[in-house]
Amino acid sequence: MAPFIRLKSISKQFADVVAVDDVSLDIEKGELFCLLGASGCGKSTLLRLLAGFEPPTKGTIEIDGQDMAGVAPADRPVNFMFQSYALFPHMSVANNIGYGLRRAGMRGTELAERVDSLLKLVRLHKLGGRKPHQLSGGQRQRVALARALARRPKLLLLDEPLAALDKKLREDTQFELVDIQEKLGTTFIVVTHDQEEAMTLAGRIGIMDAGQLVQVDAPRRLYERPKSSFVADFLGTISFVDGVVASRDKTSITIGGDLNICAACGDDLPVGAAVKLAIRPEKITLSRSKSGDVNEIEVVVEDLAYLGFATNYRVKTASGQMFKLQQQQRRSLDPPLSWDEKGYVHFDPQDVIVLQH
Amino acid sequence: MGRMNGLVLSLGALGFGILYLPIIVMVIFSFNAGKLVSVWSGASLKWYAGLLENDQLLSAFGTSLLIAVWAATIATIFGICIAVAFVRFGNFRSRLALSAIASAPLVMPEIVTGLSMLLLFISMESLLGWPSGRGVDTIIIAHATFGMCFAAVVIQARLRDFDMAIEEAAADLGATQPFIFLSITLPVIAPAIVAAWLLAFTLSFDDLVIASFVSGPGSSTLPIVIFSKVRLGVTPEINALATVMIVVVAVAVIGASWGIRRRLSSRDQNQ
Amino acid sequence: MMGRGMWKYLVNVPAVTGRRLVIALPLIWLAVFFFLPLVETLQVSFTSPRRGIPPYEPLWGIADDGFFTNFTTGNYALLLQYWSDYFGPAFNSIKLAFFSTLVCLLFAYPMAWLIARSNEKWRTILLVLVMLPFWTSSLLRIYALIGSLNPNGFINAAGLWLGLIDAPIQMMQTDFSIYMGMVLTYLPLMILPLYAVMVRLDADLLDAAADLGGSGVQIFRTIILPLTVPGIIAGSLLVFIPAVGEFVIPALLGGPDQLMMGKVLWTEFFRNRDWPVASAIAMLLLAILTVPIIYARYQDGRDAAAETPNPKQAETG
Chain X
1 MAPFIRLKSI SKQFADVVAV DDVSLDIEKG ELFCLLGASG CGKSTLLRLL AGFEPPTKGT
61 IEIDGQDMAG VAPADRPVNF MFQSYALFPH MSVANNIGYG LRRAGMRGTE LAERVDSLLK
121 LVRLHKLGGR KPHQLSGGQR QRVALARALA RRPKLLLLDE PLAALDKKLR EDTQFELVDI
181 QEKLGTTFIV VTHDQEEAMT LAGRIGIMDA GQLVQVDAPR RLYERPKSSF VADFLGTISF
241 VDGVVASRDK TSITIGGDLN ICAACGDDLP VGAAVKLAIR PEKITLSRSK SGDVNEIEVV
301 VEDLAYLGFA TNYRVKTASG QMFKLQQQQR RSLDPPLSWD EKGYVHFDPQ DVIVLQH
Chain L
1 MGRMNGLVLS LGALGFGILY LPIIVMVIFS FNAGKLVSVW SGASLKWYAG LLENDQLLSA
61 FGTSLLIAVW AATIATIFGI CIAVAFVRFG NFRSRLALSA IASAPLVMPE IVTGLSMLLL
121 FISMESLLGW PSGRGVDTII IAHATFGMCF AAVVIQARLR DFDMAIEEAA ADLGATQPFI
181 FLSITLPVIA PAIVAAWLLA FTLSFDDLVI ASFVSGPGSS TLPIVIFSKV RLGVTPEINA
241 LATVMIVVVA VAVIGASWGI RRRLSSRDQN Q
Chain Z
1 MMGRGMWKYL VNVPAVTGRR LVIALPLIWL AVFFFLPLVE TLQVSFTSPR RGIPPYEPLW
61 GIADDGFFTN FTTGNYALLL QYWSDYFGPA FNSIKLAFFS TLVCLLFAYP MAWLIARSNE
121 KWRTILLVLV MLPFWTSSLL RIYALIGSLN PNGFINAAGL WLGLIDAPIQ MMQTDFSIYM
181 GMVLTYLPLM ILPLYAVMVR LDADLLDAAA DLGGSGVQIF RTIILPLTVP GIIAGSLLVF
241 IPAVGEFVIP ALLGGPDQLM MGKVLWTEFF RNRDWPVASA IAMLLLAILT VPIIYARYQD
301 GRDAAAETPN PKQAETG
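Chains as they are written, first to last, in my numbering: chain X, 1 to 357; chain L, 1 to 271; chain Z, 1 to 317.
Careful: at least some of the hints might be erroneous.
[What the hints assert, rightly or not] DEER-style ranges, computed between Cβ atoms: (1) Z:Val217 x X:Gly65: 25 to 33 angstroms; (2) L:Pro191 x X:Lys8: 50 to 58 angstroms; (3) L:Arg160 x Z:Arg51: 52 to 60 angstroms; (4) L:Leu127 x Z:Arg200: 47 to 55 angstroms.
[Unchecked claim] Reference listing, derived: stretches of chain Z covered by chain X, where coverage requires no fewer than 3 residues with Cβ under 8 angstroms from a Cβ of chain X: (5) 183 to 192; (6) 213 to 226.
Source of the hints: derived by calculation from the structure; they are not laboratory data. Glycine residues also receive a C-beta, built at the ideal position from the N, C-alpha and C atoms.
Build out the structure end to end from the sequences listed, making use of the hints.
This is the structure we're talking about:
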């Protein structure tokens, strides 16, 4: 069966700027999908193409099997929630939410009841008569959400829905958003620049950079198995080691030089190939003494930050290679290392990510 | 934003057309050798040449210029006072009065203002002996009066956006108020002051109705002369004169806005 | 020009005196040269004309046998008596000004929208194009219109030449020529307040309305129109109030059927030399305009108080 939403080779060009560059993407029905990227990467443009505010320069968009070429925003089974909320300032909350329903011809008690149920859904039940300027930021956000859900769209597009909220409110609203999505079963596409938000909300994340879709995967796979150093660096913290393949066997490679790191690798990489290795900070352990294992490197503590539940370390080898690691607070016989002390980092070959670019 | 695109565009274009078509026609026919606006008799500059010899027009031009410069200057100075009072002085005692009296001239029909000012000048003359007769100075006073209200609006707009932090920094460094205003505030809002002066100048230079009431023998302004000629019909010299004035204004306005754009973009680049 | 002593004095003026001066200067000037004249006009409207200078009796004075007054309501009686000569033009002025405002609005609204929704470059160009006529003399613009509308003017000549018409159409001295003159003169004044409001309209609101199923017309009716009402009101007042008292336009473009208050006043004053009646007419004009002027002041105050325009609650369709 064809996927619910299919983008085929979508490109969008403004004058001499390519905002979206040959993006192809399939999204399943009922998914909560996140488009993640830095400012200017094209994610908001892609969202607007889906909404129909702009036509793509190239490529096709299909929603539920229907080609959206030439279909106006008003006629698409899609609704959009704006980053600025775009609430109509001269209308009450109830009239804002009911706007789309009125355009569809709904009137009278049917309209009132539906608006009422939407107000309950976003927990704004008593505030139907207020005007937007009389509401808090969080309340306005919920009005925008309710308004966008009113017409029961097949696809809901959310442009940085939580960006304007303060941290505490954002965390609470993240879970509410997931709840509502699961309850309604509507397909959501959320655009955000906040990776924590993407990781929390999404079933799958698409990372964008300079108009291109770089990798699409579930959060765990993106984090543990990034396909490029861009993605690896974009999510969380990571340590990179540049090297050249010195020797290899069927399941692993070893890079040469004074670091001599062994990484599990099934790819067919010839000796002499340039690689970039990457290791997540929680996969690296730091200890005072050698244990004789593979991938044990002598380092000096450059800097540390005590966080309470863990300590972040920046350590450096004699040759200048930097590692960032996070050490959980743990009962240990050895006292934890402090600044300028010598120690040994260790990590498992299975935890080393092999990247080629 | 292409909603109702066709209708908006055509109405808009028609609007611009109405605004400009008569002027364009007049400019073209100012170069017409013949007198009529309906028949093109070949190109000629003779009407322009005639302008230079028309003493009446030339002296009226000079009078208008003199009056406009004086009126604009007085208007700008008082306009600055009004603007400062409204933006900076909070709720002072006579605020309501000043507000009413400074905004009424903006919408009052000129004919009422003109007549009433003349009556005032006459009774002033009989009570105080001044002004003795109407002439250039009465026109200047009249033009300055409504000019300052317009100037105030322009300067007020700029003053509202003014970043007070600059003045506070100066005060912190030891400067006192009048000095701060003269040496810091005024230079920063200078473009608005210039704009206000130009606006008052234009309003004065182009004024017909008020000048007609408060002028006297020997103080005919250019609009008064043009009007008396025009009542007799379309004359080619007026075509030429009008073209000259419109071209001068056009060059000035376009040059000014181009200059402003360049300043703004170079400022953006420096940031 | 300023000696150092004077400069020193100026910059060391204590703040309070400075404040008082800054307020007093324009206040006194305007009180003397704007308000007092209106009082004077009111006075003269209650006197009678005479030969001599000035051509009206003084309202009061002291003579050998004591205080005397020439108070008379004769001028106002005259206005009422010759109703059609005076109140007729009054209503005509209101009518013509009202419809001129409407026509201006009809053209100004799409023009302002066009400018507000253009990109940076076009917006500056269009604004300059709109303001350019404003900076040129309105007298000259109206004069140019005569050249176009005359029976032997440009439009008729072009029409005849192109074969569109058989005989010259009479366009001068009609309501049409008045409306055209008004549009020519007042269009920039209507465009600017509209533009100011439209340019602040959040583009997202229009996208949102479209996304929620609104057609072009529906979006205009439910979103654009309600939110631009403050601009419409401001522009309309800016045009209507001066238009009622317009003189040049009816004088140059109008005929005997387009009699407006401004022209009547001018005629009474300059031709008939009846200053008291002219003053009475001026008072009549002011009386007509009192309500709109006060309303305009009220709106100004509201707009200044609220940073953003305060649209009325719109009933959405």
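Going down the list of hints, with the structure as the test:
no., hint, verdict
1, Z:Val217 x X:Gly65: 25 to 33 angstroms, "holds, 31 angstroms"
2, L:Pro191 x X:Lys8: 50 to 58 angstroms, "holds, 53 angstroms"
3, L:Arg160 x Z:Arg51: 52 to 60 angstroms, "holds, 54 angstroms"
4, L:Leu127 x Z:Arg200: 47 to 55 angstroms, "holds, 51 angstroms"
5, 183 to 192, "violated (count 0)"
6, 213 to 226, "holds (count 7)"
Comparing the model with each numbered hint stated earlier shows that hint 5 is the single one that does not hold.
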